[in-house]
Amino acid sequence: MADKLAKMRTKFVKNVSVEIIKQLLDYLLDEKILNDGEKNSIMEGNQMTSDKARQLIDTVKKKGNTASNKLISHLQECDPTLYENLCCGVIVKSAVQESQVPNEPQEWSPTLRKTTYAFWKDKQNKKDVYPVTLISSKNRVALLITNITFEDESHNRNGAAKDEEDTEKLLNDLGYEVVKHTNLTAKQMDDALVKFSKHPKLKETDSVFVVIMSHGKRGVVCGVKSNPFSEEERDELPIDNIYNHLNAQNCPYLVNKPKIIIIQACRGKESGKVPKFDSVMADGAIVKDAIEYIHKEKDFSSLLSSTPDTPSYRHKTKGSFLIQFIVEVFNNFAHDTNIDELFRKVMQRFEELESKFKQMPTKDRCTLTRNFFLFPGLNQMS
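In this text, residue positions in the sequence shown follow UniProt numbering: the first is 1, and each later residue adds one.
You may find that some hints are simply not true.
Straight-line alpha carbon distances no greater than 20 Å define the calculated PhoX-like cross-link-like pairs of lysine-lysine that follow [to be verified]: (1) Lys-198 x Lys-138; (2) Lys-62 x Lys-39; (3) Lys-14 x Lys-4; (4) Lys-187 x Lys-225; (5) Lys-257 x Lys-127; (6) Lys-363 x Lys-298; (7) Lys-203 x Lys-257.
Simulated restraints, written as ranges between beta carbons of each label pair [as the list claims (entries may be wrong)]: (8) Tyr-253 x Arg-370: 36 to 46 Å; (9) Lys-203 x Thr-111: 45 to 55 Å; (10) Thr-133 x Lys-195: 38 to 48 Å; (11) Asn-371 x Lys-198: 26 to 36 Å; (12) Glu-165 x Gln-380: 17 to 27 Å.
It should be emphasised that the hints constitute simulated quantities derived from the structure, not laboratory data.
No residue lacks a Cβ here, since even glycine has one placed at the ideal position from N, Cα and C.
Use the sequences and the hints to build the structure in full.
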(Lines of atoms letter the chains of each structure in order from A and count residues from 1; the text may use other names and numbers.)
(Lines give C-alpha, C1' and ligand atoms only; values in the text may rest on other atoms or scores of the structure.)
Protein backbone atom coordinates (compact mmCIF):
# COMPACT_ATOMS: atom_id res chain seq x y z
CA MET A 1 0.00 0.00 0.00
CA ALA A 2 2.96 2.33 0.61
CA ASP A 3 3.97 1.64 -3.00
CA LYS A 4 0.52 2.70 -4.21
CA LEU A 5 0.81 5.90 -2.18
CA ALA A 6 4.20 6.58 -3.76
CA LYS A 7 2.73 6.20 -7.26
CA MET A 8 0.02 8.78 -6.61
CA ARG A 9 2.41 11.25 -4.94
CA THR A 10 3.00 13.58 -7.90
CA LYS A 11 -0.67 14.08 -8.78
CA PHE A 12 -1.63 14.36 -5.11
CA VAL A 13 0.90 17.14 -4.51
CA LYS A 14 -0.27 18.99 -7.61
CA ASN A 15 -4.04 18.76 -7.09
CA VAL A 16 -4.96 18.47 -3.42
CA SER A 17 -6.41 21.54 -1.67
CA VAL A 18 -5.38 22.83 1.74
CA GLU A 19 -8.90 22.13 3.07
CA ILE A 20 -8.60 18.44 2.17
CA ILE A 21 -5.14 18.32 3.74
CA LYS A 22 -6.61 19.68 6.99
CA GLN A 23 -9.35 17.04 6.98
CA LEU A 24 -6.87 14.24 6.29
CA LEU A 25 -4.65 15.46 9.12
CA ASP A 26 -7.62 15.47 11.52
CA TYR A 27 -8.44 11.88 10.63
CA LEU A 28 -4.85 10.69 10.92
CA LEU A 29 -4.42 12.50 14.24
CA ASP A 30 -7.61 10.92 15.64
CA GLU A 31 -6.37 7.48 14.61
CA LYS A 32 -2.91 8.17 16.06
CA ILE A 33 -1.21 7.68 12.68
CA LEU A 34 0.25 11.16 13.20
CA ASN A 35 0.96 13.05 16.39
CA ASP A 36 0.45 16.75 17.15
CA GLY A 37 4.05 17.58 16.35
CA GLU A 38 3.88 16.00 12.91
CA LYS A 39 0.57 17.70 12.15
CA ASN A 40 1.89 21.11 13.20
CA SER A 41 5.09 20.58 11.23
CA ILE A 42 3.10 19.88 8.06
CA MET A 43 0.73 22.85 8.45
CA GLU A 44 3.00 25.46 10.00
CA GLY A 45 6.35 24.47 8.53
CA ASN A 46 5.26 24.90 4.92
CA GLN A 47 3.78 27.97 3.26
CA MET A 48 2.86 26.36 -0.06
CA THR A 49 -0.02 23.90 -0.28
CA SER A 50 2.10 21.64 -2.47
CA ASP A 51 4.80 21.50 0.20
CA LYS A 52 2.24 20.61 2.85
CA ALA A 53 0.93 17.83 0.61
CA ARG A 54 4.43 16.57 -0.13
CA GLN A 55 5.39 16.37 3.54
CA LEU A 56 2.07 14.72 4.44
CA ILE A 57 2.37 11.93 1.89
CA ASP A 58 6.07 11.35 2.62
CA THR A 59 5.49 11.20 6.38
CA VAL A 60 2.64 8.72 6.09
CA LYS A 61 4.43 6.58 3.51
CA LYS A 62 7.33 6.02 5.92
CA LYS A 63 4.91 4.61 8.50
CA GLY A 64 4.08 1.59 6.34
CA ASN A 65 1.13 -0.08 4.65
CA THR A 66 -1.49 0.37 7.36
CA ALA A 67 -0.92 4.12 7.61
CA SER A 68 -0.78 4.49 3.82
CA ASN A 69 -3.99 2.51 3.44
CA LYS A 70 -5.82 4.75 5.89
CA LEU A 71 -4.65 7.91 4.13
CA ILE A 72 -5.91 6.62 0.78
CA SER A 73 -9.23 5.50 2.31
CA HIS A 74 -9.79 8.89 3.92
CA LEU A 75 -8.90 10.67 0.70
CA GLN A 76 -11.62 8.66 -1.03
CA GLU A 77 -14.10 9.86 1.62
CA CYS A 78 -12.97 13.50 1.68
CA ASP A 79 -12.62 14.07 -2.05
CA PRO A 80 -13.96 11.25 -4.26
CA THR A 81 -13.26 13.23 -7.43
CA LEU A 82 -9.59 13.71 -6.60
CA TYR A 83 -9.36 10.07 -5.57
CA GLU A 84 -10.62 8.97 -9.00
CA ASN A 85 -8.31 11.41 -10.79
CA LEU A 86 -5.34 9.92 -9.02
CA CYS A 87 -6.13 6.61 -10.76
CA CYS A 88 -6.01 4.56 -7.62
CA GLY A 89 -7.63 1.66 -9.42
CA VAL A 90 -9.68 -0.68 -7.33
CA ILE A 91 -11.47 0.63 -4.27
CA VAL A 92 -9.10 0.44 -1.36
CA LYS A 93 -10.23 -1.44 1.70
CA SER A 94 -9.65 0.18 5.04
CA ALA A 95 -7.11 -1.34 7.40
CA VAL A 96 -9.98 -2.60 9.51
CA GLN A 97 -11.60 -4.31 6.53
CA GLU A 98 -8.36 -5.92 5.42
CA SER A 99 -7.84 -7.53 8.80
CA GLN A 100 -11.49 -8.52 9.14
CA VAL A 101 -12.37 -12.20 9.08
CA PRO A 102 -15.51 -12.89 6.99
CA ASN A 103 -18.73 -12.96 9.01
CA GLU A 104 -17.05 -11.37 12.02
CA PRO A 105 -18.05 -7.86 13.16
CA GLN A 106 -15.70 -5.04 12.26
CA GLU A 107 -13.50 -3.46 14.89
CA TRP A 108 -15.45 -0.49 16.21
CA SER A 109 -13.73 2.87 16.60
CA PRO A 110 -13.82 4.16 20.19
CA THR A 111 -13.89 7.79 19.03
CA LEU A 112 -16.31 9.77 16.90
CA ARG A 113 -15.44 9.92 13.21
CA LYS A 114 -15.80 13.43 11.81
CA THR A 115 -17.73 14.29 8.70
CA THR A 116 -15.95 15.78 5.72
CA TYR A 117 -16.48 19.23 4.31
CA ALA A 118 -17.15 17.67 0.92
CA PHE A 119 -19.89 15.40 2.30
CA TRP A 120 -21.59 18.27 4.14
CA LYS A 121 -21.34 20.52 1.09
CA ASP A 122 -22.88 17.84 -1.11
CA LYS A 123 -25.96 17.69 1.15
CA GLN A 124 -26.58 21.43 1.15
CA ASN A 125 -29.77 22.63 -0.53
CA LYS A 126 -31.08 19.09 -1.04
CA LYS A 127 -34.82 19.06 -0.45
CA ASP A 128 -34.77 15.66 1.25
CA VAL A 129 -32.15 16.71 3.85
CA TYR A 130 -32.75 18.90 6.91
CA PRO A 131 -30.58 22.05 6.64
CA VAL A 132 -27.49 22.23 8.85
CA THR A 133 -25.27 25.29 8.54
CA LEU A 134 -21.91 26.23 9.99
CA ILE A 135 -23.70 28.69 12.29
CA SER A 136 -26.47 26.33 13.41
CA SER A 137 -23.96 23.56 14.16
CA LYS A 138 -22.28 25.89 16.66
CA ASN A 139 -25.57 26.55 18.49
CA ARG A 140 -26.74 23.03 19.19
CA VAL A 141 -28.25 22.22 22.57
CA ALA A 142 -29.43 19.01 24.24
CA LEU A 143 -31.28 18.07 27.43
CA LEU A 144 -29.98 15.14 29.49
CA ILE A 145 -31.89 13.88 32.54
CA THR A 146 -30.55 10.89 34.48
CA ASN A 147 -32.15 9.48 37.60
CA ILE A 148 -29.64 7.36 39.50
CA THR A 149 -30.40 7.64 43.22
CA PHE A 150 -33.99 7.10 44.38
CA GLU A 151 -35.74 7.91 47.65
CA ASP A 152 -35.99 4.16 48.21
CA GLU A 153 -32.35 3.07 47.90
CA SER A 154 -33.35 -0.41 46.76
CA HIS A 155 -34.43 1.21 43.48
CA ASN A 156 -31.08 2.91 42.78
CA ARG A 157 -29.92 2.40 39.19
CA ASN A 158 -26.40 1.01 39.39
CA GLY A 159 -24.52 1.65 36.15
CA ALA A 160 -26.62 4.67 35.23
CA ALA A 161 -23.78 7.08 36.06
CA LYS A 162 -21.78 5.43 33.26
CA ASP A 163 -24.71 5.97 30.89
CA GLU A 164 -24.82 9.64 31.90
CA GLU A 165 -21.08 10.07 31.35
CA ASP A 166 -21.07 8.30 27.97
CA THR A 167 -24.15 10.12 26.71
CA GLU A 168 -22.86 13.54 27.71
CA LYS A 169 -19.55 12.88 25.96
CA LEU A 170 -21.26 11.71 22.78
CA LEU A 171 -23.55 14.74 22.68
CA ASN A 172 -20.62 17.08 23.30
CA ASP A 173 -18.63 15.38 20.54
CA LEU A 174 -21.60 15.86 18.20
CA GLY A 175 -21.48 19.60 18.95
CA TYR A 176 -24.34 19.89 21.46
CA GLU A 177 -24.21 22.02 24.58
CA VAL A 178 -25.65 19.67 27.21
CA VAL A 179 -28.14 20.94 29.78
CA LYS A 180 -27.75 18.22 32.41
CA HIS A 181 -29.96 17.28 35.35
CA THR A 182 -29.59 14.39 37.78
CA ASN A 183 -32.04 12.81 40.23
CA LEU A 184 -35.27 14.72 39.56
CA THR A 185 -38.85 14.17 40.61
CA ALA A 186 -41.51 13.99 37.91
CA LYS A 187 -42.44 17.62 38.57
CA GLN A 188 -38.80 18.68 38.31
CA MET A 189 -38.41 16.75 35.05
CA ASP A 190 -41.46 18.48 33.64
CA ASP A 191 -40.13 21.87 34.76
CA ALA A 192 -36.77 21.09 33.14
CA LEU A 193 -38.52 20.31 29.86
CA VAL A 194 -40.50 23.55 29.99
CA LYS A 195 -37.35 25.55 30.71
CA PHE A 196 -35.49 23.77 27.91
CA SER A 197 -38.31 24.62 25.48
CA LYS A 198 -37.46 28.30 26.08
CA HIS A 199 -33.66 27.94 25.81
CA PRO A 200 -32.20 30.95 23.95
CA LYS A 201 -30.16 28.74 21.60
CA LEU A 202 -33.26 27.09 20.13
CA LYS A 203 -33.69 29.99 17.74
CA GLU A 204 -30.31 29.30 16.11
CA THR A 205 -29.90 25.54 16.50
CA ASP A 206 -30.61 23.08 13.69
CA SER A 207 -31.82 20.31 16.05
CA VAL A 208 -32.12 19.15 19.64
CA PHE A 209 -31.62 15.92 21.57
CA VAL A 210 -33.63 15.03 24.67
CA VAL A 211 -32.30 12.00 26.56
CA ILE A 212 -34.09 10.75 29.69
CA MET A 213 -32.88 7.76 31.73
CA SER A 214 -34.75 6.45 34.75
CA HIS A 215 -37.15 3.75 35.92
CA GLY A 216 -40.39 3.63 34.02
CA LYS A 217 -43.62 1.98 33.07
CA ARG A 218 -45.59 1.98 29.86
CA GLY A 219 -46.17 5.60 28.90
CA VAL A 220 -44.34 7.20 31.85
CA VAL A 221 -40.88 7.91 33.25
CA CYS A 222 -40.49 7.65 37.02
CA GLY A 223 -39.21 10.43 39.25
CA VAL A 224 -36.89 9.73 42.17
CA LYS A 225 -39.75 9.61 44.68
CA SER A 226 -41.54 6.91 42.73
CA ASN A 227 -41.85 3.25 43.59
CA PRO A 228 -42.01 1.55 40.17
CA PHE A 229 -43.63 -1.51 41.74
CA SER A 230 -46.42 0.32 43.54
CA GLU A 231 -49.60 1.78 42.11
CA GLU A 232 -49.87 4.00 45.20
CA GLU A 233 -46.47 5.74 45.31
CA ARG A 234 -46.55 7.50 41.99
CA ASP A 235 -44.07 10.12 40.88
CA GLU A 236 -44.44 9.81 37.13
CA LEU A 237 -43.83 11.99 34.08
CA PRO A 238 -46.07 11.13 31.11
CA ILE A 239 -43.96 10.65 28.00
CA ASP A 240 -46.57 12.68 26.13
CA ASN A 241 -45.33 15.73 28.04
CA ILE A 242 -41.99 15.57 26.21
CA TYR A 243 -43.70 15.89 22.85
CA ASN A 244 -46.20 18.46 24.10
CA HIS A 245 -43.53 20.81 25.45
CA LEU A 246 -41.49 20.65 22.23
CA ASN A 247 -44.27 20.70 19.65
CA ALA A 248 -45.07 23.55 17.26
CA GLN A 249 -47.65 25.07 19.58
CA ASN A 250 -45.43 25.33 22.66
CA CYS A 251 -41.98 25.63 21.08
CA PRO A 252 -42.19 27.55 17.80
CA TYR A 253 -38.41 27.93 17.52
CA LEU A 254 -38.18 24.17 16.85
CA VAL A 255 -40.71 24.13 14.00
CA ASN A 256 -39.26 22.18 11.04
CA LYS A 257 -36.20 21.19 13.08
CA PRO A 258 -35.35 17.59 14.08
CA LYS A 259 -36.13 16.73 17.70
CA ILE A 260 -34.42 13.48 18.68
CA ILE A 261 -35.81 11.72 21.77
CA ILE A 262 -34.00 8.83 23.48
CA ILE A 263 -35.54 7.15 26.51
CA GLN A 264 -33.79 4.50 28.60
CA ALA A 265 -36.14 3.57 31.41
CA CYS A 266 -36.04 0.58 33.73
CA ARG A 267 -38.29 -1.53 35.93
CA GLY A 268 -37.39 -4.09 38.61
CA LYS A 269 -35.44 -4.48 41.83
CA GLU A 270 -31.73 -5.23 41.93
CA SER A 271 -31.51 -9.00 41.52
CA GLY A 272 -27.85 -9.51 42.35
CA LYS A 273 -27.09 -10.59 38.79
CA VAL A 274 -24.74 -8.57 36.61
CA PRO A 275 -27.40 -7.37 34.17
CA LYS A 276 -30.46 -5.69 35.61
CA PHE A 277 -33.92 -5.46 34.10
CA ASP A 278 -34.85 -2.11 32.70
CA SER A 279 -38.26 -1.47 31.32
CA VAL A 280 -39.26 0.76 28.49
CA MET A 281 -42.42 2.57 27.84
CA ALA A 282 -43.83 3.33 24.42
CA ASP A 283 -47.05 5.19 23.92
CA GLY A 284 -48.19 4.62 20.36
CA ALA A 285 -51.06 7.11 20.45
CA ILE A 286 -51.30 9.34 17.40
CA VAL A 287 -51.64 13.00 18.26
CA LYS A 288 -54.07 14.93 16.10
CA ASP A 289 -53.08 18.22 14.54
CA ALA A 290 -54.19 21.14 16.66
CA ILE A 291 -53.11 24.00 14.40
CA GLU A 292 -54.70 24.57 11.05
CA TYR A 293 -51.65 25.35 8.94
CA ILE A 294 -48.78 23.87 10.96
CA HIS A 295 -48.51 20.27 12.07
CA LYS A 296 -48.54 20.28 15.84
CA GLU A 297 -46.25 17.26 16.19
CA LYS A 298 -43.70 16.93 13.40
CA ASP A 299 -39.97 16.39 12.91
CA PHE A 300 -39.59 14.04 15.87
CA SER A 301 -37.59 10.83 15.92
CA SER A 302 -37.64 8.73 19.08
CA LEU A 303 -35.80 5.61 20.18
CA LEU A 304 -37.08 3.75 23.22
CA SER A 305 -34.93 1.07 24.78
CA SER A 306 -37.39 -1.79 24.19
CA THR A 307 -40.82 -2.64 22.89
CA PRO A 308 -43.83 -1.89 25.12
CA ASP A 309 -44.17 -3.95 28.31
CA THR A 310 -40.89 -5.80 27.80
CA PRO A 311 -37.63 -5.49 29.75
CA SER A 312 -34.33 -3.97 28.74
CA TYR A 313 -31.00 -4.50 30.42
CA ARG A 314 -28.30 -2.53 32.17
CA HIS A 315 -24.84 -3.69 33.24
CA LYS A 316 -24.00 -2.59 36.78
CA THR A 317 -20.67 -1.02 35.75
CA LYS A 318 -20.76 -0.59 31.96
CA GLY A 319 -24.24 0.89 31.79
CA SER A 320 -27.21 -0.02 29.62
CA PHE A 321 -26.91 -1.97 26.39
CA LEU A 322 -28.85 0.79 24.63
CA ILE A 323 -26.41 3.58 25.46
CA GLN A 324 -23.38 1.35 24.81
CA PHE A 325 -24.67 0.52 21.32
CA ILE A 326 -25.76 4.10 20.55
CA VAL A 327 -22.25 5.36 21.34
CA GLU A 328 -20.64 2.61 19.24
CA VAL A 329 -22.91 3.16 16.23
CA PHE A 330 -22.77 6.96 16.32
CA ASN A 331 -18.97 6.96 16.71
CA ASN A 332 -18.56 4.83 13.60
CA PHE A 333 -21.37 5.90 11.28
CA ALA A 334 -22.74 9.34 12.21
CA HIS A 335 -20.24 11.08 9.92
CA ASP A 336 -22.15 9.99 6.80
CA THR A 337 -25.38 8.31 7.97
CA ASN A 338 -28.79 9.82 8.72
CA ILE A 339 -30.47 9.45 12.12
CA ASP A 340 -33.09 6.90 11.03
CA GLU A 341 -30.40 4.63 9.64
CA LEU A 342 -28.30 5.12 12.79
CA PHE A 343 -31.23 3.98 14.92
CA ARG A 344 -31.71 0.97 12.62
CA LYS A 345 -28.05 0.04 13.09
CA VAL A 346 -28.50 0.28 16.86
CA MET A 347 -31.43 -2.13 16.58
CA GLN A 348 -29.28 -4.48 14.51
CA ARG A 349 -26.70 -4.56 17.29
CA PHE A 350 -29.37 -5.98 19.60
CA GLU A 351 -30.36 -8.52 16.96
CA GLU A 352 -26.73 -9.70 16.82
CA LEU A 353 -26.34 -9.77 20.61
CA GLU A 354 -25.35 -13.27 21.72
CA SER A 355 -27.04 -13.35 25.08
CA LYS A 356 -29.98 -14.91 26.86
CA PHE A 357 -31.06 -11.35 27.68
CA LYS A 358 -33.15 -10.52 24.64
CA GLN A 359 -34.11 -6.91 24.02
CA MET A 360 -35.20 -4.90 20.98
CA PRO A 361 -35.38 -1.08 20.96
CA THR A 362 -38.24 0.51 19.10
CA LYS A 363 -38.60 3.70 17.11
CA ASP A 364 -41.69 5.60 18.19
CA ARG A 365 -43.69 8.59 16.96
CA CYS A 366 -41.23 9.24 14.15
CA THR A 367 -42.39 12.20 12.09
CA LEU A 368 -39.20 13.24 10.31
CA THR A 369 -40.04 14.29 6.76
CA ARG A 370 -36.43 14.49 5.56
CA ASN A 371 -33.08 12.86 6.24
CA PHE A 372 -31.25 14.31 9.24
CA PHE A 373 -27.45 14.08 9.21
CA LEU A 374 -25.50 15.07 12.32
CA PHE A 375 -22.31 16.12 10.45
CA PRO A 376 -20.01 15.60 13.50
CA GLY A 377 -17.08 18.02 13.50
CA LEU A 378 -18.83 20.61 11.33
CA ASN A 379 -18.96 23.02 14.27
CA GLN A 380 -15.14 22.97 14.35
CA MET A 381 -14.79 23.99 10.70
CA SER A 382 -14.27 27.66 10.00
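Results of checking the hints against the structure:
| no. | hint | result |
| --- | --- | --- |
| 1 | Lys-198 x Lys-138 | holds (18 Å) |
| 2 | Lys-62 x Lys-39 | holds (15 Å) |
| 3 | Lys-14 x Lys-4 | holds (17 Å) |
| 4 | Lys-187 x Lys-225 | holds (10 Å) |
| 5 | Lys-257 x Lys-127 | holds (14 Å) |
| 6 | Lys-363 x Lys-298 | holds (15 Å) |
| 7 | Lys-203 x Lys-257 | holds (10 Å) |
| 8 | Tyr-253 x Arg-370: 36 to 46 Å | violated (18 Å) |
| 9 | Lys-203 x Thr-111: 45 to 55 Å | violated (31 Å) |
| 10 | Thr-133 x Lys-195: 38 to 48 Å | violated (26 Å) |
| 11 | Asn-371 x Lys-198: 26 to 36 Å | holds (28 Å) |
| 12 | Glu-165 x Gln-380: 17 to 27 Å | holds (22 Å) |
In this structure, the earlier hints numbered 8, 9 and 10 are contradicted, and the remaining ones agree with it.
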